Amino acid sequence: MVKQEEQDITVIIQGCIRQNERSREVLYRNFFGYAMSVALLYAKEKNEAVEIVDDSFIKIFHEIKRYDTSKPFKIWLRKIVINTAIDKYRKELKRGTMVDVQELTLQDSHQDIVGSITFKEIINLLKYLPQLHKTVFCLYEIEGYSHEEISKELKIPESSSRVYLSRSKKRLQEIFKLHFNTSRK
Amino acid sequence: MKKEIMETEENEIVEIIKKTALEHEESYVEGAWENFVLKQRRRRRTLFLRISSGAAACLIFGLALLLINSEQSIVQNKSRSIVVENEKKLPVAPTIKQNFLIRNPAISEEAKKTDIFANGHNSIEVITIKHDTLNIIRDSLQSQSPKLITENKESTKEKEVASENASANKKERNDTEYVDKNILEQRSAQNQNIREKRKKVLIGLNLSPGINSTSTASSFNLSGGVNLEIKLLPKLSLTTGLQIEHQTIESNNSIEGGAIPANRLIAELTNLDIPVNITWRFLSKMSGENRESFYFSAGVSSLAYLGERYTHTMYKQELSESVTMIATGTQKTYKLNNVSTTSERKEEPFNAFDVAGRINLMFGFERPLSSHLYLQIEPYIKIPISGLASENLRYTTSGITCKISF
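As you go down the protein sequences, you meet chains G and W in turn.
Okay, so the first sequence: first residue is 1 according to our numbering, each after it adds one.
Okay, so the second sequence: first residue is 1001 according to our numbering, each after it adds one.
Hints are computed from structural coordinates only; laboratory data are not their basis.
Mixed in with the good hints, there may be bad ones.
Subject to a maximum C-alpha distance of 30 Å in a straight line, what follows is the list of computed DSBU-like cross-link-like pairs (lysine-lysine) [said to hold, decoys possible]:
id, chain 1, residue 1, chain 2, residue 2
1, W, K1019, G, K88
2, W, K1018, G, K44
3, G, K177, G, K120
As the structure is a computational prediction, the values presented were derived from the model and not from experiment.
Required output: the full structure, derived from the provided sequences and hints.
This is the structure:
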């Protein structure tokens, strides 16, 4: 089954290399959801995530010849989506349109089961972090980047990356406690 | 202890987030692909408009430069405005004439007597001089301005006398020979300067017939428009412009071993072409009095499609069977029919844009027709970088461009 899927992807990618519009459409439709789930982690809102996904697919269609077919396509796609999100963050930082949300008040949802937390809820919780803290947190904890890599990507000192990570963790803990009524004493 | 608990809690939360984020996959949003396609078109359009406005700005800048240059030359020539009219008859610089007269005391004396330069040295229109000096002056100035000297009808008799005294004037002629050489040298240097001094910006009109070739067929192409050449360095210039192009592209797909093509696509495209090329003049040589040059040009073209019409023809062979009743039974006859199905599709204007869609390669020859008019002949080849137009067509265009620049 997995082999069949791999073969299908290879055929689709070959079509994309030949600039076949139908193959592009199939690739986009098949991987839109996955790309969106990555983009949502880094975007402020859903529209921005769609923009990141679209920009990523433009890059993918342009650079598809460089894709190494021996590696899973999803890993390559994830990398491109993250890089596109970082590029977008840098651009917005230059324009000065970043709005940080340090002091938001939280609503208590009275949920008790942490295990049943959904992706949507996580996205909502991450929104309470400042954009830079959120990006550092996602890159370090979810994507497995080192502080050195983060400092290079976001053009911040390594020490700042460490500080932002610990602050974001602390903040998330507070939010969790408030949101899910979970506290250990 | 409290710190440890805190850290454990933190790690738990991080693990939950990580697990959920990595496992989750959003579902496809209906209409996302359609929006993506629209967005891409909009982006291409914006990019094309930016390039067009850049080319337009270049054209305007070039025109402005041209106007400024011409205004400057008008100002420079203002002080010589009276001369200009007479220069048509007498293109020799006034200093040369003065030198000429000074170095030939005999003529100088004569000139004084006959009021040659009565209205200033540049305002000679009709010169009436005596026979013994007429030949000397005429010989020396004939090469410069044969129409300069208008002889008085009354001097015909004097002419005859002059021919009789030719031998007497030989000595004087020898004296003037070196003056003639100087004049000629100075004049040829002046002419060469004029020829070598190309304008910084040249505007031109061009027409280029050509052939569009796909891997299976070739068809005709015709384009024409305006071009602008901006000199960057003595041998390097930037060439841009706007061309309208009408082209037919034919492509046949055949099944291997098939008697007829499986399908045929004929695309008729009308498009705008904005080329941006760098031109390198690698050879300039004098041919007679003209400076001819050879150049190589390379760059990219962006295309906007004003009209696209695609005609798809599908061919297939159908086997038909007909049964005829005869006395002994039935007779079956089989017939192979060629069946073709044609469908036509038109695209809206500006539906497709190809930014830097083609590479242009040109080899050219330039010859001046006059001091400010140049004829350029350019064989060219245009190679697609990506699929062109709405149907992602791949075709190579080659032909010859004829340009008149001024």
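Going through the hints against the structure:
| no. | hint | verdict |
| --- | --- | --- |
| 1 | W:K1019 <-> G:K88 | 25 Å, holds |
| 2 | W:K1018 <-> G:K44 | 18 Å, holds |
| 3 | G:K177 <-> G:K120 | 17 Å, holds |
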